[in-house]
Every structure is written in C-alpha cells, then in structure tokens.
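> Residues per chain, in single letters:
Number of protein chains: 2
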Amino acid sequence: MPLGERAGDKSESRYCGVETEFSDDMPQLLTNHIYSAGFDFVVAQLMDPAYRPSLMQKESGEYGVLPFAGSDLVLSPSQWSSHVVGKISSWIDLDSDDEILRMDSETTLKQEIAWASHLSLQACLLPAPRGKSCANYARVVNEILQSLNNMLLWLRVPLVKTDDDATDVNSDHMIDSWEIWNSFRLLCEHHSRLSIALDVMSSLPSENSLGRWLGEPVRAAIVNTDSFLTNTRGYPCLSKRHQKLITGFFNHSIQVIISGKPVHNLQRGNADLASNQSNNNIDGVQRYPLRPYLDYIGYLYQRMDPIPEQERFELGYRDFLQSPLQPLMDNLEAQTYETFEKDTMKYIQYQRAICKALLDRVPDEDASAITTVLMVVGAGRGPLVRASLQAAEESGRKLKVYAVEKNPNAVVTLHSLVKLEGWESIVTIISCDMRYWDAPEKADILVSELLGSFGDNELSPECLDGAQRFLKPDGISIPSSYTSFIQPVTASKLYNDVKSHKDVIHFETAYVVKLHSVARLASPQPVFTFTHPNFSTDKSNNRYNKLRFEIPSDTGSAMVHGFAGYFDATLYKDVHLGIEPSTATPNMFSWFAIFFPLRTPVCIQPCTHLEVNFWRCCGPTKVWYEWGVTSPCASAIHNSNGRSYWVGL
Amino acid sequence: MPLGERAGDKSESRYCGVETEFSDDMPQLLTNHIYSAGFDFVVAQLMDPAYRPSLMQKESGEYGVLPFAGSDLVLSPSQWSSHVVGKISSWIDLDSDDEILRMDSETTLKQEIAWASHLSLQACLLPAPRGKSCANYARVVNEILQSLNNMLLWLRVPLVKTDDDATDVNSDHMIDSWEIWNSFRLLCEHHSRLSIALDVMSSLPSENSLGRWLGEPVRAAIVNTDSFLTNTRGYPCLSKRHQKLITGFFNHSIQVIISGKPVHNLQRGNADLASNQSNNNIDGVQRYPLRPYLDYIGYLYQRMDPIPEQERFELGYRDFLQSPLQPLMDNLEAQTYETFEKDTMKYIQYQRAICKALLDRVPDEDASAITTVLMVVGAGRGPLVRASLQAAEESGRKLKVYAVEKNPNAVVTLHSLVKLEGWESIVTIISCDMRYWDAPEKADILVSELLGSFGDNELSPECLDGAQRFLKPDGISIPSSYTSFIQPVTASKLYNDVKSHKDVIHFETAYVVKLHSVARLASPQPVFTFTHPNFSTDKSNNRYNKLRFEIPSDTGSAMVHGFAGYFDATLYKDVHLGIEPSTATPNMFSWFAIFFPLRTPVCIQPCTHLEVNFWRCCGPTKVWYEWGVTSPCASAIHNSNGRSYWVGL
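Chains as they are written, first to last, in UniProt numbering: chain L, 1 to 649; chain X, 1 to 649.
Since the hints were made in silico from the structure, they are not lab data.
Hints should not be assumed to be uniformly reliable.
Copies of the same chain look alike in the list, so a pair counts if it fits in one copy or across any two.
Only pairs whose alpha carbons sit at most 30 Å apart, straight line, appear in this in silico DSBU-like list of lysine-lysine [unchecked claim]:
hint: 1; residue 1: K132; residue 2: K546
hint: 2; residue 1: K622; residue 2: K110
hint: 3; residue 1: K546; residue 2: K499
hint: 4; residue 1: K539; residue 2: K132
hint: 5; residue 1: K110; residue 2: K539
hint: 6; residue 1: K240; residue 2: K514
Extracted from the complex, chain L is given alone in its bound form (with noise of 0.2 Å):
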C-alpha cells in the first residue's frame, strides 16, 4: 500500500520495502510484511545463506537441488514480480584472497541472479563491495549484466564518507563509499541496469558530498532501524538531517527500504497516544514491530508540499534529451509559439524593460510630440508587439512599430492579431528576414527574442547585426546584452542516453533538457557575452573561453559527466531575463538549460580544479561550439569543425 498521495507524484518513491530475514516460507514472509504490515514490497533472500557451492558437491558428492526458498510457485507470477526484491547472499565475496571463497562467491551469485530472473524479479540487491578493491566483483557482475534482459541490479552501497583535512587525501584510511561505487560502474561501462541502493548510516556525510548521489541511478534507500531516533513518545524518528535527505529522495524517486530489528519497543499507551499519527491500529503495531517505522516514512511522505501545478507539466521532461530549437533554419509549428507565448512572466519582463526605455527615451514634456520608431525583430505571432504597445500605454509614450517576421505562416497569425486588436494604424506587419530587410526609417528601439538556453545558440547574434543596420546610432536593443554560463555535473542517466546512440555525434551535440537527478559540482561560470548594439567595424561573433572550476573540498571525489549551460540577459537597464540558477527568472518555462555531454567522463580528485575551453566558431553557412577539458587531464576537443551539431545561418 502506498505512502499515501502526493499531488502530482506518479513515482516510485510512494512504495515502501522491507529487508527481511531468510525464510523457506515466501508465502508467509509476503503475509506479514506486505498483507498485514503494509510494507509494499520485501527485499528477501532467495537462498539458504548456509549453502556453499563447494561444501554441497563435497558432502553430496553430486549435484542436488539448490537450496532456494520455496520453488517458483510458491507465489503467482506478480506476486513474485511486484513484491519481492532478490536479495543476494551478503556472505559473498568476489574479491577475497581465498581462491575457494572467490569461487563459491562467483557460483552463488550466478546461481542466485538466475533463479531471480527465472522468477520475473524486477530487481536484485547485491551485497556492498567489501572494499576499495573491487574489481572481480565488478568483472562478474559486468558478465552478467550482458546476458540480463530486465531485472535491474541495486549495488548496495553504503552513504559514507570519511571526513578528512585536507592533507590526509591519500590516505588509504579515508573511505568514501562513492569512489567504490564509481569504479565499479566504470568497470561495468555505466551500464544503464546497474544502480545503487544506498545504506543511510545514522552519520550523514557533508552536503556536498551527499549531492553528489543525485546525478548517480540510486534506486533506493535502506534505512536501519538503527538510523532511527527516538522522540518523546518512545516513537522512532529521524535527524532534521534525515528527514531533508529522505525527502530529497521523495523528489527524485528513490524508494525507502527499512532494515533491522525493531528497536523501539512500544507500549500500548504510547502507541494508542500516536494514533492521530497515523490510521493504523494499536494491534497492528504490537504484531508488526516494524509498522512504526513505515509510518513515520509515511509521514515524511505526507507532509510535502503538493507538486506545483509547473513542476508537474515538466514532469515528463526531467532529464529527457531534446534537440535544440533552430527556430533561424527552420520555421517554428503554431504548437511551439502557442507554448512559448504562455510564458506571462517573460513578457512581463520585456514589457518593463520596453517601458523604462520608452521613458529615457522621450521625456515627459514630450511624450506627445515624440513618436518613438520601436521595431520587433523576430515577431513571430505577435507577443512582444503586445508587450510594447501595453508599455507605450503604460508610460503614456506614443509608438510606431514594425513587426517584423520571416516566417510566413506566423505572418498570417499576426495580420489576423493586428486587425482583431485594432492596430492598424500603429504596426506595420514586414514578411521578411531582418537581416536582409531594407527598412524605410530607423529604429528607436529594437525589440527580440532570439536567445536559446544557452543565450546566444539560436543566432541572436548573427540576427541583431542583421537587424542593427536600421537602428538609430543611440538607439536601444532590448536585449541590451546576454551571457551564457556553464557547470560541471554528475549526470550518469543523460550520460547513458547519450552513449546509447553508441557514436561521436551524439556526444559532440548539446541538448535542451530540464535537469533534474543532476548533481551540480561548482557554480556555474559566465562563458560568452554578447552587447547589442555593436557598431565596432572589427566585431567578431567567434569566441574563446577557459574556465576554471574548483569543486569545494567536502565534495570528495566527483564525476563530470558534462555541462550544463544557462544564460542570462540584460534586457534593459536592471530588468534581466534568465535561467542561471542562482538569479533565474522565477515561474518561466520557455527555457530548460542546456547539456554539453563529454565523451569520456572526467574523474575530479579532490583538491584538484577542472579546466574546460569553450569556443562560438562561425562559418559561412553556420555556427558551431567546440569544447574540450585540459585539466586534470586533456579530453578530444568535442566537435571539431561542427562536424557533428551545429547551427545553421
């Protein structure tokens, strides 16, 4: 049964598991824990732990029945599939210097995944590395995720990490579970069916170092009873720390797990004194010891906020790779403008900037001699023309303005808008690109929006110095100037979707996606600024940067799997636009960030810094980025000659 019911929230996280102990009795097993309890699924193990493969052919001296709890029909097909997890024989050791333990481990486990996808299990728990040195645990695990068809592995591993000054980094006393997990999972290549279950310790690691998590396929959390606090009641509880912990992993999926014995011995008092806390009986508690733990995660569950109305239309979006608009090459669809004109706050923004500058502009002792010349470039169906002329309302300043709009089929949308509103006499509709409009008078004001995620990749730049040519000398580009940012993250699930096309293109292209189970390592960096208008005969749209990023020390170690890129603009004076997450525009929607994956996945050893260059190239017919790391160690330089993404003029 479920956590309860969260607003919005379709996810995986409403169901709650239980590790349990060995039993031959499955049927029973499912009864007190799922039917009676009301945890939603156990994490059971399959095999006898007793069993050894090479003490079974020794004493029997044949090979006998396997020692699995109960045969497949013990329980139906989805009761198998849906309730129970597989939980793999912990005394397995892959890595150990007994050759005869190593064999059994490898036997065992072998033995154990198969009857596990025999029955259908959705998933498997394998047993935490026993250490740094992992590799033959890896070298197996590796072999059998070839051949596996859908079950997923969890890893178990547990959240730590030794806290450590900075001079001790090398120290082989430090652990930091997340250096284990990360060689294991490039041992195993990223394979999308390896993920993580995370044993949460009743010390938690820096924030930092927990962030890190969040780019990385945890699945679940196992949380030990042991974890837990107890509050005045006699009622198990977690630290403020945990509970932030557990509901980040609300929000990103992830599923409790409770392990351990009871430990919080209630009494019938106290239970009944608790039962506004949850709706379960005093009787349930008393039979089922580990029910008090279940609704404390249910209460976590409960007292979140409702997914915002926004929130859950990108739902579908997290983390999903989409191609970059080329709204220049091509014409946009009526669906696209339709979306993007939805977002008020955008043009909230530009209707405050087009009013501020209308009031510099012409003061007041003017304002009906003067008729300012504004022009939209890139009209589309006409949301900015309606932002200007409630601007010109709003400052009481009169207005002439050209739209002006290259695609044609928006041309249409636009005619129909000026005649319903009754602009007639003040918006001249032009059909034309803006770079190569022969303009009749020149522009006061000169009103776009032509920016990409990433500020400049859908061409402002290239469309503006079109378009400045009919600009007064001291006339005002609204935006005045943008910047493009980036950060380094951990992003194994875009990094994944990105090798799946198995070539360079798709790691030499950067995608338009909404970011979620990410872990930003360092704030993000301004890359490339663009200021319009730039008169200067010498400009140049091409650009070069290097940036240097230092991930803060707490961190530990950390992957970079790419960048994720934002912008900011400028568009008049203080009125900005953007999505760099520090000063983003809030409640706008017409812009996810932007991904640059990397090829090859760079390793950050703590106390190290992270060196990437990143370049704008122009060409004849297009525009183009390259990017490429230089230190800790030089990467390929990513999509040399634009040869696998580019813009197009």
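Let chain L serve as the given structure and place chain X on it in line with the hints.
Quick look at chain X alone, frame taken from chain L:
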C-alpha cells in the same frame, strides 16, 4: 644525398635536413643547402615573417597578394615535395591573451597550411606551443587536421624536462614538454597525421624520461648547432649521451635536422686534417659552413652496425598488428609450419630438455634395458620428433615415440618424414586430437610446443589437461610450466591502428606484434602460471591476477596505451624458453610479443601507480581474457564474456 649506406636500412632516417632562414628565392635556397651543401631537404619558412593579417588589411585597405616565398612555379612539383618541409611562422601564438595576435595567428596558420597543401609538401613544422596552456592552438590544428589530406604536421617540441625531487611534483615551475605534447595530442584525438619534431637541447633529461618518446610519433629531431661540442680539432661533435640518442633515433626512422648558425669557425688547416672523417673537399666546408655538422651526423649514421639478418626479416612486421593464431580451432598451413620449423634455437632447447629428462629418468646402468615412452602431442610436421630422437642418441637412451597430431594435412608430411628417415620401428604416428586419443600405453615423457606469445593463449593448458590422461603418475611434461608476463607501454602507433577500426571489438582484442616504436614504462610482471602435469581433482584453468606497476619517478608523466605481453616456459629443470625481455632466449623468432590495448589510454602522473587486473576465463567452447585498469582510475572491463576476442576450444 643520404647520410650513407647501412645494410638493411631503408628508413627515412637516412635523410638529413636543415632549418633555413626566410628567403624569397627558393631555387637559391635549394642550390645552397641541397645541391651544394649536401642536405636532403630544407625546413623553410613559406611566408614573410613580417606579415600580419590585421596590419595588411589596415595598411592596404584591401586584400592583397599573400607574401609567400615565391609562387609554386619557382620549383618543380617534385622539388617542393621531396626537398621542402614547410616551416610555419614562429611568431604565431594561438593562446596569447592578446585577441588580435590570436586572430592573426589563426589566419596565418591556416593560410600557410593551405599554401603548403597547394604545393603538396610532405610535412609542415608547427612552432612549439608556448606554454602548458595550448588549448586554442590545439583546437585550430585539430580543425586543420580534419580536412588535411596527405600532409603531416610536425609539432615542434623542445626535449625538456626539469629535474625535480618528488616533493616538487605539483609545482608550476616544473616543465615537462612531454605533458604539453600529451595534452595537445589528446585534444587532437591522437590524430594520425599529427607528429613530433623534437628540439634536442644541449642538456638531456633522464633516460627514463627520454624513453617515453619512443612510443610517440616522432618524425624528426632538430639539433641546434649550439648543442654540438667541439672536438680537439675544432670540429663539431656530440656528447656520448647525444650520440646514443641520435643512434636511437636512426633506429626509429627519425630524421635529423640541423638548425641554427654555424658556431664552429673552421680554419682551412683544420678542415684538411678532418678530410679523413668525410670525403668532401675543403672548399665545401668553407663555402657551406653547416657542412661539418652534416658530416658529423653522417659519421654517426655510418658507424652503426649493419642491421642483423634476423632483424631485417622482421622489419616489415615492426609495430604491425596481427591476429594471434588459433592452432587448436584452425589447422595451420604448410607455410606456417615451414617458418616455425626454421627456429633452430627453439629445438636446441627442446633437445637439451629432453636429454636431461631422459638421463634423469633412466640411470646409466639401465640405459640398454629400459625403453622410455615419449609422446609428442601436437607433433606437426615432426620437428619435436626429430629433437627427441636426437636427444635419445645424445643421451644413449632407448626411446619409443608416439607422434600425436590432429591436423591430417601435417600427418601426411609426418608419415613421409618417418619413412624417409627410417624411423618406422621407433615412431608411431597417431592422427588424433590429443584431448580424445585413447592411448594403448602410458607415457614417461610428454613433449609439446603449444605455447603462444602469452604462454597459455593457444590453449596449452586445456590440451595438456587432456593429454595427461596417458602420462604415468610420475611422468614428465616438457614444458613443465609456463608463465605469462605483462608490462605497460606507450604505443601511439598501435593505439591509432586499433582506433582506426572505429569499433570496440578491436580494442578488446589481443594482437601479436613485433614491438618496436614502443616505450616500456615498467618492468614486466608475471600474470598466470600453469604447471604440468597437474593431477589435482579440483583444478581450474581460470585465473585472476591483479598487478601493480610503479613507473620510475624520473620518467615523469606517462601514457599507457596498453600492455605488452610475453611468456617464459620452463621446459625441464633449468632449461627454459621464452620472450620475456629480461630473460628472452636469444636468436629465437617463433614468437613476437602480444599487445592488449586499452580503449581509453590511461595517463599516469609521477609518483602514482598503475593497477591492472587480468582474467583468464574458460567457457564450454572458448577461452578468453578480460582486462581492466583499476588505478589511478577505473577503466571499462575489456572483452566481457569474451564478446570481442576469444580462442576456440
């Protein structure tokens, strides 16, 4: 005119060049340096060094003719291509903070390369990167490489590595030009047309540090006249270490280029004395003051030993990747038998081992009474049968030989050999796979030559496991054991050849290869050992080993492209046979090394270590290796499940 004749040497290193000043009279330049002074080619600047694109446009107000050194017509096409290497303007600085200089540099570099391509030059010399930060330079060169057809680019790299103590490793003052090269070529993705011209300075880094360059695509060594010493007669000469270096270059097809102004002001009298050192007249020395440097380089070349016959035969195999034989799954061809049977040294060792075993097995007093049963398993066309019979004769022991061979084609030859030699009474031929033969009696000695370059890689263990069924409990196997070895290597040529296939399969395959242009970064270490006979009941031919290599600290950083593999076999007691470099059997040519590539080359920083795991895995129908690096950073497990490369049973 080549430096001289060296028997067997057909390589580029016979040609010596000279770096010249800019001249717009190319025919005169060739007359002076080639037709008169005797150099083979000039490294000549193609563009007036005063040229700057930004100045030119400003000054003339329009685009003029580029100031190249003469038109393409001043030399014939063959003169351009065989006598001129283009030297790119050395003022260019693509990573300058001065944006105008950067732009000028990019424009000029592209113009000069385009001109050199137009002239069909074989190579251009690119100026050395100006510092550690050379990302923009690399980006532009990489862009050029994408559309370059045949010309090579030689990146000039000073042969410099600051000596340091270990504590100073991270200092910014440390300069190791190899690291700059490494960044540059990583940014250019190991492009096969990007190579190196090393600037040899008057002082040289350590031997280990120098050794790294042998694995890199070095095409030329530029020796400045400043780096020459002066001998007692006033003539230029080089230090012993420089001599050794240059000789090493000759052995690696690296051309020498003399650079700089003559600094040895030779008197006519001195020149006279020196005339026995070169056969050029005194006038030549006076008129062509760089002539003594060329003569000295020629002297170094000529005093080298001729290339030995054996090596001459192997020249064509140097650094050429071959698929290992699969003699168990496939039947060898006559040509292959022919080649291997010529390896006298191998059969001498076998004969010595068999002789010792016979003497141990049969005391002198029983020599005439006891007949030893010897079985040659995998007899091929009979060389081991012959060696056995010779050992019997040498030791005065009586022998009965079974020659077991699965290849029916080889059995034909075996039959005629036995008939021809009159061995019918001693030798019984069995046309059968040794793993399935039902022997009529048991053997005292089992002789086999089933070893591959990596020892067990032609499945000797599996074959001998089968054959030992008919070995007496106290019988002897020759070989009695064998061990494989690996060592990490820099091998950019091999890496590029593997990469050219553009798939994962070729990166997960082991290759037989005559290693030559390879830097061996650490001593080989043993990997897997097999001992025969092995009568234990729970034996397995699976193996796992984890190896840790320390790179000598004075090497500096190094790149690991993969692992060179070898074997050493103990035939009997102290008689061994092998190709592990430190103990290799001399004058044996049956085995080249084996090469295990890495999909992503691993860069090792000074004072860190390299950890690699090797597995030998056995399935019902095949045997394969897997390998993966775990330190400094984990690689993928290569060849999981033998998906790319395996040996058929």
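> Evaluate each hint against the coordinates.
Results for each hint:
Taking identical chains as interchangeable, the C-alpha atoms of K132 and K546 lie at most 30 Å apart only when they sit on different chains, with a minimum of 13 Å there against 35 Å within one chain. In this homomeric assembly, K622 and K110 come within 30 Å of each other (Cα to Cα) only across copies, at 19 Å, whereas the closest approach inside a single copy is 53 Å. Proximity of K546 to K499 under the C-alpha cut-off of 30 Å is found in both arrangements, the shortest distances being 26 Å within a copy and 29 Å between copies. For a Cα distance limit of 30 Å, the shortest separation of K539 from K132 across copies, 29 Å, qualifies, whereas the shortest one inside one copy, 54 Å, does not.
Taking the closest pair of Cα atoms, K110 and K539 come within 30 Å of each other only across two copies (20 Å); inside a single copy the shortest separation is 64 Å, beyond that limit. For a Cα distance limit of 30 Å, the shortest separation of K240 from K514 inside one copy, 29 Å, qualifies, whereas the shortest one across copies, 64 Å, does not.
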